[in-house]
Structures are given as C-alpha cells and as structure tokens.
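A.B. asks: Spelled out, the chains give:
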Amino acid sequence: MKNNVVNVALVGNPNTGKTSLFNQLTGLKQKVGNYPGITVDKKHGKCKISDTLTAEIVDLPGTYSINPQTLDETIVLETLLNKDNDSYPDLIIVVAEVENLKRNLLLFTQIKDLQIPTILAINMADQMNRKGIDIDVELLKQELKTEIILISSRKNIGIDNLKKELANYKNWNTEPSAKISEKIDAAYFSDLEAKFSENSLYKTWLLITQQHYCHFLTKEQNTKIDIVKKDAEKIKKYQHKETIFRYQLINDILKKTYKVDKATATDLRSKLDRILTHKIFGYVIFATILLLIFQSIFEWASFPMDLIDVVFANLSELAKDNLPPGIFTNLIAEGIIPGIGGVLIFIPQIAILFLFIAILEETGYMSRVVFLMDKIMRKFGMSGKSIIPLISGTACAIPAIMASRNISSWKERLITILVIPFTTCSARLPVYAILISLIIPSERVLGIFNLQGLTLMALYLLGFAAAISSAILLHHILKIENKSLFVIEMPNYKVPSLKNVFYEVVEKTKAFILGAGKIILALSIVLWFLASNGPLKYKNAEQFVPSLEENTTVSNEVLQKKIASYKLEHSYIGYMGKTIEPIIEPMGYDWKIGIALISSFAAREVFVGALATIYSVESEGEDVGTIKQRMAAEVNPKTGEKRFNFASGMSLLLFYAFAMQCIGTLAIVKRETKSWKWPILQLTGMSTLAYIVATITYTILK
Amino acid sequence: MQEFLVYIALGVAIGFLVKKYFFKSKKKGNCDSDCGC
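Those protein sequences? They're chains A and B, same order as listed. Quick note: the first sequence uses the working numbering, first residue 1, plus one each step. Quick note: the second sequence uses the working numbering, first residue 1001, plus one each step.
Just to be clear, a hint being listed does not mean it is correct.
[As the list claims (entries may be wrong)] Sample of chain A residues lacking proximity to chain B, with all beta carbon distances greater than 10 Å (derived):
no.	residue
1	N161
2	L523
3	V545
[What the hints assert, rightly or not] Result set (PhoX-like, lysine-lysine): computed pairs, CA atoms no more than 20 Å apart in a straight line:
no.	chain 1	residue 1	chain 2	residue 2
4	A	K271	A	K145
5	A	K518	B	K1020
6	A	K670	B	K1019
7	A	K670	B	K1020
8	A	K224	B	K1020
Hints listed in this document are in silico derivations from the structure and should not be mistaken for laboratory results. For every residue, glycine included, the Cβ atom is placed at its ideal position computed from N, Cα and C.
Please model the entire structure based on the sequences and the hints provided.
C.D. replies: Listed below in structure tokens is the structure:
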C-alpha cells in the first residue's frame, strides 16, 4: 500500500454499471452504454475517500467469472493474482446489478475467496420498488460475510455511503464466502494448501485451473503448478463441482434474502409480463397472435405465389417451344420445371411464417409463451420444456426432437419425442396451402377473417391437439418412473433487430428450399421417367387407342388426350398406382394421388411437386397451366365430379395432419431413443390414425 | 443424344436419393432446418 493511497479495483459482470460508478467516483467521463463490453481494457482514476485517504481506482473489463475465456477477462485475473502488478488492489468493489443478483454473485463469491478486502455494491437499487424486489441486506451481509451498499450509479444514490465504507476497509471480513475445499475434496485441497502455503488456497486453485502460462510467476512456481496440472481430468471435474457448489450456495442464500413480488412491480417489463402471462388474457393474446400470423400467410402470400406459379407455367411452355424436340426436352418441361415450381411457389408463405416466429423470438415473447404453456403441459404428462421442441416442430420435427435432449426426465422426453411429429411442420404447409386454396372459398368471416386463413389455423391447432391427446394417452400407457423440474429465465423485452430477423428468415427459408428442393428435383426426374415409360401396352398406345371403335369419330384433340391418359395409366407409375388404389380408395383418392402419397413419404412437400409432374405428363402437348389449375381441372371419371372436391380435399388435409410421412424423422427418433421399437410404434400408430380419420371424413362428406 | 442425357439425369437422381436415404453421411455440428423432411 502506498502512503495514504489505496488501490481499488472495480470488478463486475458486463453491463452492471461499473463504468458509471467509476465516473461517479473519479469525476471522469469514460464512455458508458446500455450493452455489455463497454470496458475492454482497464481505466484508471483518482477519488478522494476521506481527508487522509485517496483511492487509485481501476475499472476492469466486465467478466462473468474469473475463469477467463477472453483476453479482457484475462486482464481481470492477472490484476487480481499478480501482487507485483501496479494495479494490484488493496480492496475490491464488486458491482452487481439488482435484477440479476444470482448470476452476479458467482463472480462475487470467487473474488471474496481470494481473501482480498471486498465490498459488494448492488447497483440500480433505485429500480427495486418498480421491479417488486426486496432484499434483506443485513441477512445477506451475514451470509456472504461482506459489507453491502445499495447504490444507483446513474442517479448518484449511495455513492457517499460507499466512500464512507471504503475508508473503513481495514475492518472488513476477509473470510472466504464459499469453502469449496470442504465440499469438493478436503484431502486434495489440504495437500494443495500445504504445497502452496505462500498463497491463499483459492488463489492457488485459480493458478492451477488457468489454461495459459502465468507470466508473472517465477519459473519454479510455474513448474510446481505444472506438476499439479498433470491430472487434468480431476481438475476439470473439480472445476465443474465448484461451479455447481457455488450456485447451490447462492440459491440457498438468495432464497432467504431476495424476494421478487411481481404483483407489486410497476416497471414496464413486469406490467407486460402480468398481461402476457395472465391465466386468461395470456391465452387470448397468444391465440390472437396465431390468428394474425395465419391470416397474413394467406393474405400477403397470395400475390407472389400466383406470380411464381404463372412464371413456372410459362417457363414450361417456353422450354417446350424453344428447345429441340425430344425426351430430354420433355423431361425439362414436364418433370424438372413443374417439380421445382412445386416447391418454390411456397417461398412467400414459408418466409412469412419464419418472419413472425423470428420477431416473436427476438422480442422475448416466445419465453412468455413457454411459461404460459407450462401450466397446461404439466397436466398432459409433459414438461414445460416440452413446449420448446413442440414450437420448434412448426419448422421441422428433426431439430425439434433433438431439442428435447434438455428434458431431464426420460418419460417426459420420450413422450415429447413421440408426439412432436403431430405439430404442423413447414413441410406440411405447401400441402395444406394448395388443398385449402382448392376446396375452401376465399371468403370473409365476420367481415374480418379470411376463411382460408382460419382453416390453416385450425389445422395447426389440430396438430397441437393431436400431440397433446397422444401425450395424455402415452402418459397413462408408459410405465416409466418420472421426476422433473422446470426453470426458465425470462429475457428482457426488446425491439427486434431487423438484421437478426432478416438473416433468420433468409437462412431458414434457404435451408427449407435447398433441403427439400434437391429431393423434389431428384424425385421429379424419377417420377417423370416412370410416368413417361412403360411396358408393351404403353408403347403401343399410339396405335391401340385410335383403333378402338369409340374413338373413330372423336376430334384429333380429344383423341390426343385419350392417348395421353391411356399412356399414363399403362406407364410404370400407372401400374404401381393401380396396385395400391384399392387400399386408398376408401379415403377418396385415385392411383395418381396414391403415387404422390408414396413419393411424399420421403418428404411431405413432395406431394404437390409429384402431382404437378404426373398431371404435366398426362397433359402432353397441351397448354399445361399452373399447378393449381391442373389440380382443379382433374376429374373423377367414375363420378364426373372434381377429383379435389370438399370431401377428398378434407380427407387429404386430415391424412397429412396425422400421418408420419417423413423418413428423416423416423431415423432421428431411432437415433435418439436408441431403439427401432419407438419409430415403428410411431409410424404404425400415426399412419393407422391418419387412415381411419381420412376414411371416416371422406365417407361422411362425400 | 437426348435419350443419353435423360439416362444420365435419371442415374444422378437415383444416386442422390439412395445416398440420401440409405448411406447417410455423418453431419458436422447440429442439425438445422435442412433436414430433408
């Protein structure tokens, strides 16, 4: 210590207001900001503590712990461990933020254990009433064995008290707040203490756990440390134990000393939380937001979708008219272009869906939904954590199933894995969108809502309802012991970053288009080949169809149509479709839909592309029109009615709502459950349910 | 010539699908939305 001058280190988590406090104490004007990482190097300033004492204050970079990960965190550690450093502190002020005390206390307990005189300054204390926070400061002082001052560095509250307390630093308790050695391995740490008697035990432990060479130690000291460091596995294990133990201790202390009463809080976040997680309004708001999303998907996407559809129909025509005639030209015009068009047409709807999801995540609302839904999920045998995979399942079931890994109870995790494929993934969206536009009129309900949007929302809700009903069933059937706990940290609300939202939408849409697009393109080529080739009857169609008595008087146009239909029926794909037709007929489907159903087992969205390819081949030589026009024009030859009428359309919608049409999902379920039993159960159960529901629907509605 | 091109396209398409569903390569890192379903 210099004469009448003490070195004071300001330490704390990023964004706790250290620099503000530094400015208040020193009268300097260092840059401050409302985001982490303002201080990335140490800054010095002087402060008169009393008539006889001056403090040389060093503002250190923000750090979450003193196990450094980054360069600025290393600066903190070296300042605190190197006694020869000019800035080595005689005393330390740990700045914590009142709202995130738990996270901040991890760093505090580590600093305190260095046995350098330390005081805890709890900043932003002026916000306590607004946030409904109550701290028993006296009890907290006893538990942490430290002096505590409540301050507000921005409003200059408590700064004089802090200065008074700093003047008294020689009387502070320097006892460690957490005796880690006793909890982890008493014998190991006693041995360390004996070997490195020149240091405090925790300083020795920090030197041992550093990944980098400590330049401030002598060669002999470093060699001594290197010998202990050889048992790297044990050190790593003990480091984990240390963190767990510190958090246990902090939790126990805060349970007694720190209370948050959300009911009395008056800040904006608390007010919003009260509304958004309200037991009635919370659900009403969530339902309204969902309704808005699904309305927008249909309202905003219809124009760009029609545009893409027309562009691809014209491209097909252009290819036919301008490329040299031949089967490769046919493949391009009837197989590849309609197939790709069948997936690109859904870019607007997928992008709008991801846009809304990204905005909800960015604002912090999604965490409130998780909290809100937890109350419901528990009743159905799932964890609150299940809602995250279930919501992720609206994009794709595969990452959603992987996201269930953080559910600690095996039973809850297994149920979540098994029911996730019921949630409406983005691959179902193209199928739903085209079928809804074919069978549901674009009418207004109550003058506001679009009937097509309402139908889409109903299908999403049906997916969730099916997932929850299956969860209840599985909860009662599966005899597995169950115990779990749900903890979620609510992030602050914030205005979404346009850049983040933009990248999220672009990345997710790109992943969907590229992932599905490659499969669809490959399947379109295979399907076109199977539909454009066949055995003898196919090859003789040009001679056989005109020779039939009924065709002798028809016009050339009608005759060409009949030849194309006959060829398709007797192509390889025609035979395959005819074989399965008896099984799918009760659901209201013909063999062409059957082919699309089988193809879409690889990926659901292939359904539309497959139908587009089949109908293109059939309409050989004609103006093929858009995918929607081709599907709308398809007629059931037995009844003379439209093939995609209300009965068969609803049957198909419900089939896709319940069926397990995704090889990728089955593979990931097998990997996550390490057994074929569960994916087979999932496939059989969901397919049977889909078949029964679709058949009943068609029978009732036809 | 056109027939030859068709068979090449068909071969590539079947090869891609077989590789995708029967010989899955190990992915680096986590699965994202590009899951082919």
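A.B. asks: For every hint, state whether the structure bears it out.
C.D. replies: Here is how each hint holds up against the structure:
Chain B leaves A:N161 outside its interface by the beta-carbon criterion, the shortest separation being 49 Å against a cut-off of 10 Å. With a least beta-carbon separation of about 7 Å from chain B, A:L523 fails to lie farther than 10 Å from that chain, contradicting its non-interface assignment. A cut-off of 10 Å between C-beta atoms confirms that A:V545 is not in contact with chain B; the least separation is 24 Å. Distance restraint check for A:K271 and A:K145: the Cα-Cα separation of roughly 35 Å exceeds the 20 Å cut-off, and the hinted pair is therefore not satisfied.
Taking the CA atoms of A:K518 and B:K1020, the gap is about 10 Å. The hint holds against a cut of 20 Å. Between A:K670 and B:K1019 the CA atoms are separated by roughly 19 Å; this keeps the pair inside 20 Å, and the hint holds. Proximity of A:K670 to B:K1020 is assessed by CA-CA distance (about 17 Å); at most 20 Å being required, the pair is judged to hold. A hinted pair counts as satisfied when its Cα atoms are at most 20 Å apart, and A:K224 with B:K1020 does not qualify at roughly 54 Å.
Hint compliance for this structure: hints 2, 4 and 8 are broken, all remaining hints hold.
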